[in-house]
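Engineer: Listed below, chain by chain, are the residues.
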Amino acid sequence: MSKAVTQNSCSYCTPLGASLAFKGIENAITMLHGSQGCATYMRRFLISHFREPIDIASSSFTEETAIFGGGANLHLGLDNLISQYHPELIAVASTCLSETIGDDMNLHIKDYVARKKGESIPFIVPVSTPSYQGSHIEGFYLAVVALVQAFAKGESNPSGPVNVFPGMVSCEDLRYLKEVLKEFDLSYVMVPDYSETLEGGNWEEHHPIPPGGTPIQVLKHTGTARASIEFGQVISDKQSAAKYLAQKHGVTSARIPLPIGIRCTDIFYQTLEEISGKSIPFSLRKNRGRLVDAYGDAHKYVFGKRAVVYGEDDFVLSIASFLLEIGMQLSVCGGSGKGEGFEEKMMQLVNDNHAEVPIIYEGSDFKEIEMAAMEKGADVFIGNSKGYSISRSFDIPLVRVGFPIHDRIGGQRILHLGYKGTLNLLDLITNELIRTKQSLSSVGYSYI
Amino acid sequence: MPAIDVLKARQTQVFKKGQGEFEMDCNRKSLSGAVSQRACVFCGSRVVLYPVADAVHLVHGPIGCAAYTWDIRGSLSSGPELHRLSFSTDLREQDIIHGAEKKMEKSVRDLVAKYQPAAVFVYATCIVGIIGDDVDAVCKKLHRELELPVIPVHSEGFKGTKRDGYRAACDALFKLIGTAEPEKPEPISINIMGEFNLAGEAWIIKNYYEKMGIKVVSVFTGDGRVAEIKQAHRAALNVVQCSGSMLGLAQMMKEKYGTPFIRVSFFGIEDTSNALYDVASFFKKDEIYKRTQELVKSEVAEIYPLLKEYRKKLKGKRAAVYVGGAFKAFSLILALRSIGIDVVLAGSQTGTKEDYEILKDMCDDGTILVDDSNPIELSRFALETRADIFIGGVKERPMAMKLGIGFCDHNHERKIALAGFEGMMNFAKEVHDTICSPVWNYYRKKAWYE
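Just so you know, the sequences run in chain order A and B. Quick note: the first sequence, position 210, residue 196 per the working numbering, numbers continuous. Position in the second sequence (first residue = 1) + 33 = the working numbering.
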């Protein structure tokens, strides 16, 4: 047996990721098929990061439900959601409870649709997300696959849009990606796009479902797209929407790293260049120049500094790649995913860069990270706010990026992607290292 | 926007005072698909036991339940901080298929070796019973072999409501009570129950009673210690706050040990004073009563002039109150009134019929009363009643603020002490600072570009 007990987990459960992904579809609401608590805990967890209203329904299992099956509850829940929210889409994600009792969610939904024959009811998309399989990021990817499977129509077409599957990134990242796509004159379908639903403006009246998100009507065009771009290097084929569309609809896929750092962003823009037939726009080239120049400005402050990086596997891989570009050393890399391939990709990156081998964890928890950081030494922690307790006990700065950020405002507005996002990260990390140096110095330098 | 209606099945859980018959149909399971603000049985157990700081809290189940409750409450400890760690057996597919008793056993053994806790609570989550793990038997064996209490908490999420979770927590605590004797029992002593030491509130309250000459044997469960809980049966009186969570334990102690209990609230000047006087009266000692009078007099004298200032500024403002337990709502209504604020919407997640009768009697005509409500109802009623501030938990916060309604956190995640006399000052300040912030001016007017 490997470790029996997990202490201060880096990963969350599978339906959390699915709930987040479904927030990126217009006029959609999610129902978790299981206990009331799952929905409430996940709402609370997401709300504490996004600080936006996030409604997630539950089919509210009782003991009878657990014995006799969840059909009646699911049907009642669908009825109630329709009458209160008037959604176009109800996404139903399973939980460990419904999966363990072997409840056949797909059958219940089929029965429901049959029962409502002749009535106008919303689309209902189920996704299987037991929390004992995978982690939140896998749930996110599975939700995207479920959406594409449900709505994609037709065959790939050279004049079709480009599909963008950005993965679990910030609202600001999504908005930035849309700007970039515009600069390449590309029409696109982005799944999901929660940039408005999870960071909207003030309201004059209550909106049961916040405005924004990719419209359902647009989702069908994922099938006729000219190409798909999917960020992620450790997404299994089963979790890959791009792979699905390639197989079923003949859409060419580019499964590329999350564009953080120069190398990974170059790959992204070159991919867009190929897909659009348009050379990289001047404004983006200028951003690249600025970033290179800033690498120069920062290099002395960051060289050789040891970083502990943790979070979703693909996020860690791209951040790590960026840190190696600026001469930092990787001390610990903790991926939260429960799939495979993270360690291998990490080792490849380290070897390609002839860098010192960090301690690498798959499906890591913060206790492991803490022990490893103690062993390898660290100058900075880079990741979500859940690393705060270690950063505090070590008295080593934490640069808050990724998800979740529960102890600061603005997590949804952090830009990570592209040259511009990398520049933002560079400033954050470098300034944190400078701040440490400045505050540790007895001199109190006012120029650094 | 489509009209928002209260779901038919929920129409007996929403009332407007002064209109029609009143009989709240509460203490029901949440309605499927209604987006209840409630959590589950596990949540009820977890919040009650959470502050016991020298125990290991092992959540037996898939990762979510432990991950979402890691360091979730602002419950402070004066010593060990084991409660702030999140331990999970993180069940995977193989465990579901083959059972996870061994994994749980090994987890307990590892944790006990690593942290030397005074006790271990093992929370059974939804699927544990379904996969057939005999948590009780494993805990019993570990209890014997490790020579420390290893206590199962039956908190399977779907087996009832949050209240059932409170009961499971009380059952777990009850197993500890009476397992140790104090060196010298104190005749004038109490347990404080339902006080979780958020932002140090238990310390404020404990300090009052000690000034009155009353020994506090144990606080359930704020800044809690296993050794103190074990001796709690030797206290002369149980003082129960937050009726929902701990009344059950007080009743069990009364039956088994004959310990009488009284219900109190430490929120607001009126209720805090009553809580102190009621305890003083119980012991029927002149010197205690005199000390209580002096204490209340000096505390009130200190904050009264400041509260008066706040009252001037807040007079006629309107508040919506939606909290976990109904008892908290009672206190909030009184406290808000004391600073000039009217309550226009009041409700709770777990109130009982009797609670709602009291709530109705306390409220003015036109006040809307709700049980186990949801975001659609709450935002609709908050807008309809033109509330200036919403008092609730973190899930209500963005909903209120989106609409330009100020928000004050009165839930277990808050970091400001709101109990006792000084807590009332903090509360008044927070309500004032929220309502009087100029940012709300920008909310409901149309922007220039629209």
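Calculated directly from the structure, the hints in this document are not laboratory data. Honestly, I wouldn't trust all of these hints.
[What the hints assert, rightly or not] Now the stretches of chain A that chain B is said to cover, found in silico as 3 or more residues with beta-carbon under 8 Å:
no., region
1, -10 to 1
2, 25 to 36
3, 43 to 52
4, 65 to 73
5, 141 to 155
6, 215 to 221
7, 410 to 417
[Claimed, not checked] Below 20 Å or equal to it, Euclidean Cα-Cα: the simulated EDC-like pairs (lysine to aspartate or glutamate) are:
no., chain 1, residue 1, chain 2, residue 2
8, A, Lys(-11), B, Glu54
9, A, Lys224, B, Asp197
10, B, Lys386, B, Glu138
11, B, Lys448, A, Glu354
12, A, Lys353, B, Asp104
13, A, Lys206, A, Glu74
14, A, Lys353, B, Asp143
15, B, Lys147, A, Glu182
16, B, Lys248, B, Glu320
17, B, Lys62, A, Asp252
18, A, Lys(-11), B, Asp319
19, B, Lys345, B, Asp466
20, A, Lys272, A, Asp171
21, B, Lys462, B, Glu320
22, B, Lys62, A, Glu50
23, B, Lys208, B, Glu243
24, B, Lys386, B, Asp197
25, A, Lys(-11), B, Glu138
26, B, Lys348, B, Asp311
27, B, Lys386, B, Asp397
28, B, Lys323, B, Glu303
29, B, Lys139, A, Glu354
30, A, Lys291, A, Glu182
31, A, Lys353, B, Glu320
32, A, Lys(-11), B, Asp204
33, B, Lys147, B, Asp87
34, B, Lys41, A, Asp393
35, A, Lys272, A, Asp283
36, B, Lys147, A, Asp171
37, A, Lys264, A, Asp252
38, A, Lys168, A, Glu182
39, A, Lys362, A, Asp393
40, A, Lys353, B, Glu114
Ideal Cβ placement from N, Cα and C applies to all residues, glycine included.
Engineer: Taken at face value, is the distance from the CA of Asp393/A to the CA of Lys362/A at most 20 Å?
Structural biologist: This hinted pair is violated, its Cα atoms lying about 27 Å apart.
Engineer: Between Lys386/B and Asp197/B, does the CA-CA distance stay at or below 20 Å?
Structural biologist: 16 Å, holds
Engineer: Lys272/A and Asp283/A: Cα distance at most 20 Å?
Structural biologist: 17 Å, holds
Engineer: Do three or more residues from the region -10 to 1 of chain A put their C-beta atoms closer than 8 Å to C-beta atoms of chain B?
Structural biologist: holds (count 10)
Engineer: What's the verdict on Lys323/B and Glu303/B, does the C-alpha distance respect the 20 Å limit or exceed it?
Structural biologist: 18 Å, holds
Engineer: Can you confirm whether chain B covers the region 141 to 155 of chain A, using C-beta to C-beta distances below 8 Å and requiring at least three such residues?
Structural biologist: Answer violated; 0 residues pass the 8 Å Cβ test.
Engineer: Please verify whether Lys348/B and Asp311/B have alpha carbons no more than 20 Å apart.
Structural biologist: Given pair Lys348/B, Asp311/B is violated - Cα atoms ~30 Å apart, limit 20 Å.
Engineer: Check the hint pairing Lys345/B with Asp466/B against an upper bound of 20 Å on the C-alpha distance.
Structural biologist: 14 Å, holds
Engineer: Would the hint linking Lys462/B and Glu320/B be met if the CA-CA limit is 20 Å?
Structural biologist: 34 Å, violated
Engineer: Regarding the pair Lys41/B and Asp393/A, is the alpha-carbon distance no greater than 20 Å?
Structural biologist: 39 Å, violated
Engineer: Taking 20 Å as the top limit, are the C-alpha atoms of Lys(-11)/A and Asp204/B close enough?
Structural biologist: 30 Å, violated
Engineer: Verify the proposed pairing of Lys291/A with Glu182/A, using a straight-line Cα cut of 20 Å.
Structural biologist: Violated. Lys291/A to Glu182/A sits at ~37 Å, over the 20 Å cutoff.
Figure legend: structure checked against the earlier numbered hints; hints not met, in rising order: 5, 6, 7, 8, 9, 10, 11, 15, 17, 18, 21, 23, 26, 30, 31, 32, 34, 36 and 39.
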